[in-house]
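Protein chains in written order, with our numbering: chain X, 1 to 151; chain E, 1 to 237; chain B, 1 to 560.
It cannot be assumed that every hint is accurate.
[Stated by the list, open to error] No farther apart than 30 angstroms at their CA atoms in a straight line, the calculated lysine-lysine pairs in the BS3-like style are these: (1) E:K81 with E:K131; (2) B:K30 with B:K432; (3) E:K197 with B:K235; (4) B:K502 with B:K424; (5) B:K235 with B:K350; (6) B:K432 with B:K495; (7) E:K138 with B:K30; (8) E:K131 with B:K235; (9) E:K206 with E:K111.
The hints are simulated quantities; they were obtained by calculation from the structure and are not laboratory data.
Computed from a prediction, not measured in an experiment: that's the story for all the values here.
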Amino acid sequence: MSTATNEHHADHSNDDGAVHAHVSSPLFMIGIFATLIVLTIVTVAVSYVDLGSANSFVALLVATLKAGLVSTFFMHLRWDRPFHALVFIFSFVFLAIFIGFTNDDLSTRGEIDPNNGVHVLERSGAVAPGGIQVPAAPPATPGHETHEEHH
Amino acid sequence: MSSATTTEASHGAHAEAHGHHPPFLQHHFDTPAHQFDAAKMGMWIFICTEILMFGGLFVAYGLFRGREPEIFHLAHERLDKIMGAANTIVLLFSSLTAALAVRQSQVGDRKGTTRWLIITLLCACVFLVVKYFEYTHKFHDGLLPGTHFRAHLPAYAHHGHTLPYRAHMFFALYFMMTGLHGVHVLVGMGILTWVLKRNLRGEISKEYFTPVEIGALYWHLVDLVWIYLFPLLYLVG
Amino acid sequence: MATEVAVAPGHHEDEPDHMANYLIAARGVKSWLVTLDHKRIGVMYLASVILAFFMGGMFALLVRLELLTPGRTIMGAATYNRVFTLHGAVMVFLFIIPSIPAAMGNFILPLMLGAKDVAFPRLNLLSFYIYVVGALFSLFSIISGAVDTGWTFYTPYSTTSSSSVVSMTLGVFILGFSSILTGLNFLVTIHKMRAPGLHWRRLPLFVWGMYATSVMQVLATPVLAITLALLAMEKVLGLGIFDASLGGDPVLFQHFFWFYSHPAVYIMIVPGMAIVSELFATFSRRAIVGYFAVAMSSLGLALLGFLVWGHHMFTSGQSEFSTMLFSALTMLVAIPSGVKVFNWTLTLYKGSIWLTTPMLYALSFLVLFTIGGLTGLFLGTLSTDIHLHDTYFVVAHFHYVMMGGTVMGFLGGLLYWWPKITGKMYDESLAKVSWFFVFVGFNAVFIVQFIMGSRGMPRRYYDYVPEFRPYHQFSTVGSWILAVGFFILAYVLVKSLRSGAKAPPNPWGSAGFEWNTATPPIMQNFAVTPTITRGPYDYHEATEEELWDGFPEDFKKSEP
């Protein structure tokens with residue numbers, strides 16, 4: 001085996017070159033599956049209870065727990081090379097960068113506008129040019145009311 | 001074939017330890033473990049790309065939901081929570097069976113591997129059938145994305161209520177997200193069928209179960225994406 | 001041994017001789033088309049990207065010719081829009097992005113690593129064919145009316161334009177997958193296929209550059225795929241996500257697009273930097289100063305590439321807070337770029353400089369990239385960008401980086417590794433003449449564009465006011481000088497292929513690992529897997545024999 005591989009994982013350096021993967025017991029896997037089902041039931045049940053904005057938070061938390069269980073045990077990250085977990089986590093870091101910066105633009109757009117005498121978008125109270133054009137009769141838009149509440 | 005000689009010679013200790021080159025080992029890898037590690041790392045990097053690909057849709061979802069949370073709430077009520085939950089359970093179960101298929105191949109149980117792979121494929125079919133019913137129902141209700149949206153018209157009223165026109169954005173995202181996920185389900189089925197075929201041909205063994213492992217990893221990814229899609233689309237708070 | 005033969009992919013009775021020169025180890029067109037050999041795939045990529053470069057170059061000449069006079073010169077405004085779009089799209093997606101990684105990386109990377117092949121040879125071939133299919137879709141769009149949106153496909157114009165946007169986006173979508181698979185393959189190759197003794201601190205800087213490039217390809221390209229999928233759906237199904245009249249957000253398209261395309265800019269330039277790092281070491285006869293800093297600066301660029309995309313959107317209506325954030329982060333890009341430029345310059349200092357044509361290209365890179373990089377700071381600064389945005393200043397800036405940087409690196413690398421790839425030498429003095437024309441022509445085209453841009457000439461315009469006429473004419477004449485340079489270079493290369501002298505094993509006396517093998521390499525790269533005992537730039541440790549006679553076939557040193 002090349003040193004390149006050895007360097008990462010000294011534990012593999014003096015083996016016979018055969019694949020040694022962790023074998024989970026079926027009972028353990030079924031246990032994980034049962035936990036996943038329980039979490040699914042929890043998340044559906046919570047959705048019937050009105051917790052305000054906490055609903056989304058709980059739903060995403062439960063989803064992340066489930067994703068964690070699947071990746072750790074079904075996808076063997078628990079016993080795999082740490083580098084693979086790193087790759088997996090890094091994909092979320094870059095996703096967070098993507099979401100973070102885009103959201104930063106969208107949530108702060110128009111904030112400085114009033115100071116500059118510019119009136120665009122909801123925050124300044126004016127409807128943005130080129131707003132919604134409804135093919136049929138334009139219905140009342142609850143979206144606008146909330147924005148005014150914000151202000 | 002002088003190359004084979006030198007290849008063996010260059011491996012020194014390993015060549016001595018094995019004394020042969022297993023048939024599944026490609027010529028440019030030193031050992032089965034070397035090949036297995038490379039394949040697995042490749043798959044994890046691929047999973048990373050898939051996460052970023054779906055990520056784009058999650059960004060768009062977050063943006064439009066943040067803008068109009070009430071409309072998203074109204075629109076999501078047109079989705080069938082029970083069907084969504086049922087599909088979640090089907091996919092979670094298929095993840096379990098895929099993991100069991102890997103386990104059976106690791107211990108060299110070819111029949112067990114075949115069995116679990118077939119069950120995984122059946123789950124995938126069930127998932128798609130449920131999805132088909134959901135989709136046709138949406139088509140019928142005029143809940144289509146963008147310019148095809150009709151649910152704001154009185155003729156498409158649901159229990160006497162119509163949706164505001166802007167709700168089309170929710171369905172644009174719903175169809176893009178579940179559609180892309182559906183494509184992944186189909187690709188995953190293709191991969192698992194290929195793995196099944198190789199297993200039936202006897203190419204999978206205790207020493208070489210890489211295809212099962214890689215195929216299952218892909219299938220778990222399909223499950224992972226759905227784990228997030230389900231609360232985001234069906235359980236909007 | 002028998003089993004090895006049985007599993008060799010594509011084995012036939014006429015199994016190629018793995019110890020023979022890879023060019024003649026197997027014969028016939030089919031042996032090329034279905035090859036799994038990374039060197040042959042690299043050569044096929046090389047031929048394809050050179051073809052794409054020729055095509056893109058022709059579009060560029062047409063654009064410059066049209067701008068020779070105000071108003072109509074040779075084509076109408078609608079045609080002009082299509083031609084400059086095709087120039088951009090062909091150059092970016094068909095030439096620059098695959099040029100260095102897919103063509104040269106494929107050929108050189110495994111040789112530098114002491115590997116027999118990349119980690120996934122079949123995936124490598126698949127990636128090439130995906131590239132071909134993507135290229136065909138793009139060509140189809142040219143035949144079916146072409147695209148007039150600019151290579152950026154900005155909404156809402158791209159969703160309303162009647163030109164064939166869908167087939168072009170589909171082509172680019174497919175090309176993206178080729179790029180992802182190449183990146184993935186290289187990452188695994190660099191991690192898993194290194195020869196014994198080749199640890200991370202001995203990795204050639206070309207490999208570090210490829211690593212950084214691959215990270216970006218893998219992380220950014222999927223977002224391009226989903227962006228183009230949404231764009232196509234918008235056009236076909238009226239999705240509305242980017243359409244303000246349907247409640248969508250056109251600026252969101254720009255976020256999506258630049259989340260890919262800013263890293264893509266570094267996907268284009270980092271490989272160029274990777275090549276010139278090799279050239280500076282070889283032709284200065286010494287180790288790159290600050291080796292580890294240069295290696296890390298590639299990774300630094302890869303990371304920063306994901307944090308600054310908003311600087312393309314300063315005038316898009318993006319929030320002011322975001323523009324400030326992106327502008328501040330953009331300044332950070334100067335750090336890794338500066339680390340590279342200063343370390344290269346220090347490498348030259350007291351080096352034993354040998355002015356071959358590849359070295360001339362490397363030096364051109366140093367000068368032109370510095371100009372391109374510094375003018376980038378003007379554009380990253382908010383107040384100056386308002387004035388310079390979408391003017392010829394931007395055009396000149398990115399051509400200094402993309403062409404003055406990447407293309408110079410590509411040409412330097414092409415001539416440097418030409419003997420390795422073809423086994424033939426080229427006419428050095430004629431190559432120097434061609435370099436002169438390319439260098440002078442390039443500067444003539446673009447230096448004046450800085451001036452006219454800063455005076456307000458907008459980019460992509462078909463017509464212009466008479467004040468700009470002298471600048472445009474100067475630029476157009478420059479493009480002809482540049483073209484002459486490229487035609488001489490093409491002549492040099494064709495002549496070398498037909499009647500070039502046989503290349504010595506190590507024509508440049510380089511200590512780099514890719515010269516570890518025969519020139520041209522044998523089918524399986526190394527008769528014996530090499531054991532690496534020194535760094536790729538350790539000229540003080542390399543023997544004269546190693547440097548000039550090439551590494552003997554049985555090159556193998558035992559570890560102490």
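Status of the hints after comparison with the structure:
no.	hint	result
1	E:K81 with E:K131	holds (12 angstroms)
2	B:K30 with B:K432	violated (37 angstroms)
3	E:K197 with B:K235	violated (40 angstroms)
4	B:K502 with B:K424	holds (5 angstroms)
5	B:K235 with B:K350	violated (59 angstroms)
6	B:K432 with B:K495	holds (15 angstroms)
7	E:K138 with B:K30	violated (50 angstroms)
8	E:K131 with B:K235	holds (25 angstroms)
9	E:K206 with E:K111	holds (13 angstroms)
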